[in-house]
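S.K.: What follows is the residue order along each chain.
4 protein chains.
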Amino acid sequence: MTQNDIRHEIAHLAHAELFTQDLEGSLWFFTQLLGMRETARQGDSVYLRCYEDPYHHSLKLTPSDEGGLGKLGWRTTSRDALERRAAALDKSGLGAGYTKGDVGVGETFAFTSPDGHPMELVWDVEKYRAPDELRSKILTRTSKRPLQGLPPRRLDHVNIMASDVTEQKTLLEQTLGFQTRELVVDGSTEIGAWMSVNALGHELAIMKDATGARGRLHHLAFWYGIPQHNTDFAEIAREYDIRIEAGPDMHGVTQGAFLYVFEPGGNRIELFGNSGILQFEPDWETRVWDLQEFATGAGLAIGGTTMPPEFLLYGTPDVPAHAELAPSV
Amino acid sequence: MTQNDIRHEIAHLAHAELFTQDLEGSLWFFTQLLGMRETARQGDSVYLRCYEDPYHHSLKLTPSDEGGLGKLGWRTTSRDALERRAAALDKSGLGAGYTKGDVGVGETFAFTSPDGHPMELVWDVEKYRAPDELRSKILTRTSKRPLQGLPPRRLDHVNIMASDVTEQKTLLEQTLGFQTRELVVDGSTEIGAWMSVNALGHELAIMKDATGARGRLHHLAFWYGIPQHNTDFAEIAREYDIRIEAGPDMHGVTQGAFLYVFEPGGNRIELFGNSGILQFEPDWETRVWDLQEFATGAGLAIGGTTMPPEFLLYGTPDVPAHAELAPSV
Amino acid sequence: MTQNDIRHEIAHLAHAELFTQDLEGSLWFFTQLLGMRETARQGDSVYLRCYEDPYHHSLKLTPSDEGGLGKLGWRTTSRDALERRAAALDKSGLGAGYTKGDVGVGETFAFTSPDGHPMELVWDVEKYRAPDELRSKILTRTSKRPLQGLPPRRLDHVNIMASDVTEQKTLLEQTLGFQTRELVVDGSTEIGAWMSVNALGHELAIMKDATGARGRLHHLAFWYGIPQHNTDFAEIAREYDIRIEAGPDMHGVTQGAFLYVFEPGGNRIELFGNSGILQFEPDWETRVWDLQEFATGAGLAIGGTTMPPEFLLYGTPDVPAHAELAPSV
Amino acid sequence: MTQNDIRHEIAHLAHAELFTQDLEGSLWFFTQLLGMRETARQGDSVYLRCYEDPYHHSLKLTPSDEGGLGKLGWRTTSRDALERRAAALDKSGLGAGYTKGDVGVGETFAFTSPDGHPMELVWDVEKYRAPDELRSKILTRTSKRPLQGLPPRRLDHVNIMASDVTEQKTLLEQTLGFQTRELVVDGSTEIGAWMSVNALGHELAIMKDATGARGRLHHLAFWYGIPQHNTDFAEIAREYDIRIEAGPDMHGVTQGAFLYVFEPGGNRIELFGNSGILQFEPDWETRVWDLQEFATGAGLAIGGTTMPPEFLLYGTPDVPAHAELAPSV
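Protein chains in written order, with this note's numbering: chain V, 1 to 329; chain W, 330 to 658; chain L, 659 to 987; chain D, 988 to 1316.
There could be a bad hint or two in this list.
What the hints assert, rightly or not - Below 27 Å or equal to it, Euclidean Cα-Cα: the simulated BS3-like pairs (lysine-lysine) are:
{"no.": "1", "chain 1": "V", "residue 1": "K100", "chain 2": "V", "residue 2": "K71"}
{"no.": "2", "chain 1": "V", "residue 1": "K144", "chain 2": "L", "residue 2": "K802"}
{"no.": "3", "chain 1": "W", "residue 1": "K400", "chain 2": "W", "residue 2": "K456"}
{"no.": "4", "chain 1": "W", "residue 1": "K473", "chain 2": "D", "residue 2": "K1087"}
{"no.": "5", "chain 1": "D", "residue 1": "K1087", "chain 2": "D", "residue 2": "K1114"}
{"no.": "6", "chain 1": "V", "residue 1": "K127", "chain 2": "V", "residue 2": "K71"}
Stated by the list, open to error - Pair ranges (Cβ atoms, derived):
{"no.": "7", "chain 1": "D", "residue 1": "R1116", "chain 2": "W", "residue 2": "G372", "range": "55 to 63 Å"}
{"no.": "8", "chain 1": "D", "residue 1": "A1074", "chain 2": "V", "residue 2": "E310", "range": "51 to 59 Å"}
{"no.": "9", "chain 1": "W", "residue 1": "V648", "chain 2": "L", "residue 2": "D899", "range": "21 to 29 Å"}
{"no.": "10", "chain 1": "V", "residue 1": "E38", "chain 2": "D", "residue 2": "Q990", "range": "50 to 58 Å"}
{"no.": "11", "chain 1": "D", "residue 1": "A1074", "chain 2": "V", "residue 2": "P309", "range": "34 to 42 Å"}
{"no.": "12", "chain 1": "W", "residue 1": "T428", "chain 2": "V", "residue 2": "V103", "range": "51 to 59 Å"}
{"no.": "13", "chain 1": "D", "residue 1": "P1118", "chain 2": "W", "residue 2": "E639", "range": "30 to 38 Å"}
{"no.": "14", "chain 1": "D", "residue 1": "V1306", "chain 2": "V", "residue 2": "E310", "range": "56 to 64 Å"}
{"no.": "15", "chain 1": "L", "residue 1": "Q806", "chain 2": "V", "residue 2": "E83", "range": "44 to 52 Å"}
{"no.": "16", "chain 1": "W", "residue 1": "E639", "chain 2": "L", "residue 2": "Q806", "range": "35 to 43 Å"}
{"no.": "17", "chain 1": "V", "residue 1": "T2", "chain 2": "W", "residue 2": "V432", "range": "28 to 36 Å"}
{"no.": "18", "chain 1": "V", "residue 1": "P131", "chain 2": "W", "residue 2": "R543", "range": "39 to 47 Å"}
Derived from the structure by calculation, the hints contain no laboratory data.
Virtual Cβ for every residue (Gly too), placed ideally from N, Cα, C.
Sequences and hints are given; from them, build the entire structure.
M.R.: Rendered as structure tokens:
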């Protein structure tokens, strides 16, 4: 298969599992502030969905000693595509075999990213069917807009930290067909990559973990698509004691309207207030930012935001870090 | 090839040619009110682009006795894909052979829709390279945000009228791989179809032409992606004597934030104020609206807008029509 | 006192009482969809407030056989001002004497508008003091932004219908100092007046009641101040079966961003999505719209909205009306 | 007169004169980026107005060796009010006598703030009458919405730095009737005051000048009233090399949506993206922020913005300052 063919094997990010140090706090955050609805509980875990998520759940919360990523589920474009990608992952040494799935999820193929982030490919998913009282009048909306909190519409993307961005990026390009839309380089070292398998500017970002740790989560992003909602959620965060790290503002990279907050379980969550750049060119040429332009030009923020050093250091699970580890600009 | 494979052969709508009865008026509209930039003139035609359009131009204006669609250009995902789609079009009897292209456009494969709309497939395009003074600090932005008017970011989609929606839809599915995301039916007759080859809710819509005419344009849409901009442009339209047909409001179908106006050349133009629903499910099940729910429920408008009868009758070129031809609801 | 002095005697619209045919339905609408908080119950009435309203309540809901206005409370700028305005009202024959007040409201001076709308002047009000759990971090915000529904920030204005706009307007100018900011005339007959005592484009509008009825309510308006929120509330109204009459759009008159819906108790409610024009000129010259320009130009709607005939006929209490009564344009 | 009466003697901020080190640069900024229209030139000065400003001009640009405030013009509510306020200013020792006025401005009464900021009271102003081609269809709009840049609607407010906030505030309360809506205190020292004579949350702010300089300008603010426009202007500022100091974000104090940029003449300009809190209570009780809550809580920014130290130090004319002068928090 050509790289162009491989790119159409992965459809989108279907679900994510987050570890939380404070399950009740995380549940309050996701259901009361973000209006997500609970669809199941199993073991200690709780399953949640946004009102336009297509499947049974997009978020699984599991109690743990520390925050972090439990799992990322990528849906393929067909069962055959899943098998082809599984073979490629096995060949690259990343494959971990088929699993029985989960609530609302059938058999999956487990693997890890080169840096150790747990992931899986999935074809068999339970499509969400709203009960009558939650059925929307808008047919492409899988359930009614909630009246609780300020509800995002769907899971959008994930940003993971990696000890070696280039290795991570290259293997995900090769095995899963991700296209690298934008890169940040510090001299000859790649320190950030924004990758996608569809029109979104990114479904997966990789940022260099300056602490040297492996397999950490930078953030999980939920989609509003409406710029005002990031401003509204910043107000809600202030009023209800959720710490805001940065935003609302817009990144130059991906043109995404961002708001970063920390949920009570310790994980950084992004609310995404526009669609970012939507890219349709099949022969897109990766845009490359140098670190200086990225950090002090339009890259990190088009508006006046100065990202705090922790933005480049903090991830979950948390590890000891010193501000001097942040890339100097 | 499977239908799933075919769906990845067309990348997106790359350019459109509009006929205009009033070239100067149309140019004033597109450049002074919408801030598009002229990139070339050839013969009587003028070539324009939005500031985030990827190629040499997205709009070609050509003087004519009446408004209408000169041509729609679909970019394929590869040269091979173009050849495969050309073969399929030839087989279906729609193909019209290779052309020499146009300014900024290399060889194309011409064809018509089943209803006679002139279209072409293109792989060779001139990517736009901004001169220094128009280079944006935002690397995914192909040129600086203009200071003139209220500029949309790119060409978004096209809506065409057809004497037979089902025939039109079926052949475009079969030959080009479009996926039908939403349908409107009047009893057993399909009267509207919203189709896409990517994550956009639609890149191509087909609406039944109640006048019985063939090959007409309903509207061409340009993308703001920011809901407020539709409100802003409605103000500008009012102030500068551009007739507003409907909006700003949101369609339930596609969840698109719409504003319909008529440019001086007679064509209906939509300004698109959000991203609409973005769809990533590979096995999407077409949503079907019945006419009643479409016309009086959330389908045509989520807000309070009542679409005027002309919305279902007027297209370009204009033909005599009577309001009683509009589907009764 | 000069007219200029009188204009500073009324501070603002402090509270309104609505009659409702369906108290439970109205309560659901105002608390679950609009996120207003209940502050008291007395007799059959329920008292509510928006999160930035300054006093004990801005809305009192009282069950009745039909919708309509129970009372409008105007706060004066001082106790002396109240006494001077009471004297002027008495002199004009509109005064109805002092009352004992209500929950959260001290002594008031009751009067009716010339058309019979029940009103009162008030100086003694209970300022709202939020309990700890509802205290906002934003010091000018009298209580925390609610997480329920899409909450407006405060009561904004009232629009009343009158059998004779000129008489109504003139007496309210003379007795209370309202300044008439905009007028609509049908030939020599005034059919609409927008009046204010402060920087708001209007706190009080009067529209001719084409049915000939007296003392009816056209609508009560609550303030978002954020244009996007009108779009959001239109979605919520659709999803939760609240009938939308018109909007979201902007009036040319007052430049107000409007959304008109009907609450379950029968009353028309406006959600106000911007600040409208804010006017500071002390010697403002009343702007006069002729009916044609008002109805078909930018007056009623800057965007594409066509107001339904009921907009000029329906009020509460409801009376039989025929569309042909609407002013012809 | 009571303090309540005095409060209605000043109507609003009518015009401001800015000194600029770079007249051509400032003109480009105000006309090309902000779409203000030139209405006159006299001597070396250029007069500009926003499209909804009521008078001949709201901004006068005058070349100078350094940036700063040339003059602030406050319009009174009547001629009598002007005379009464002039007498009060004379009595307080601040009065500087009557002047012949300026282009579009009749006789004024000149005075200085206690800290030395040049100001004047004005009653006689030339109301702007748009020529036919600039006449708006919206009758409360004094001229058509421009197509150039991203035009604010009117001059909004001014923020001045003072060596002694309390003295400045007290004298402006006593002589002009300003109401102090919000205060920031550092222990027992007042370091910020937000004052208004109308429903705006502030028309005049005073911030302590930590450098000890006198009579400096912190910023002049122009009003969009639409939150999205601050985001849009941030993009424009980035693209066209205007330095952004902070924002878009919202202050907790005044609830104003801010964007601070530096115009080429050296002055800090705020774009104001909402209406801020609108206050109608005649007996408003001043809200008091302590410095800690102001600087690190919701006071300076509701969102994630960290104001740079220069925000509390830089003003025009510029003076040498060291970051350590900024209030410690």
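S.K.: All hints, please: hold or fail.
M.R.: Each hint tested on the structure:
no.	hint	verdict
1	K100/V / K71/V	holds (14 Å)
2	K144/V / K802/L	holds (26 Å)
3	K400/W / K456/W	holds (19 Å)
4	K473/W / K1087/D	violated (46 Å)
5	K1087/D / K1114/D	holds (17 Å)
6	K127/V / K71/V	holds (19 Å)
7	R1116/D / G372/W: 55 to 63 Å	violated (46 Å)
8	A1074/D / E310/V: 51 to 59 Å	holds (58 Å)
9	V648/W / D899/L: 21 to 29 Å	violated (39 Å)
10	E38/V / Q990/D: 50 to 58 Å	holds (56 Å)
11	A1074/D / P309/V: 34 to 42 Å	violated (57 Å)
12	T428/W / V103/V: 51 to 59 Å	holds (54 Å)
13	P1118/D / E639/W: 30 to 38 Å	holds (35 Å)
14	V1306/D / E310/V: 56 to 64 Å	violated (34 Å)
15	Q806/L / E83/V: 44 to 52 Å	holds (47 Å)
16	E639/W / Q806/L: 35 to 43 Å	holds (41 Å)
17	T2/V / V432/W: 28 to 36 Å	holds (30 Å)
18	P131/V / R543/W: 39 to 47 Å	holds (45 Å)
In the structure shown, a violation is registered for the earlier hints numbered 4, 7, 9, 11, 14, in ascending order.
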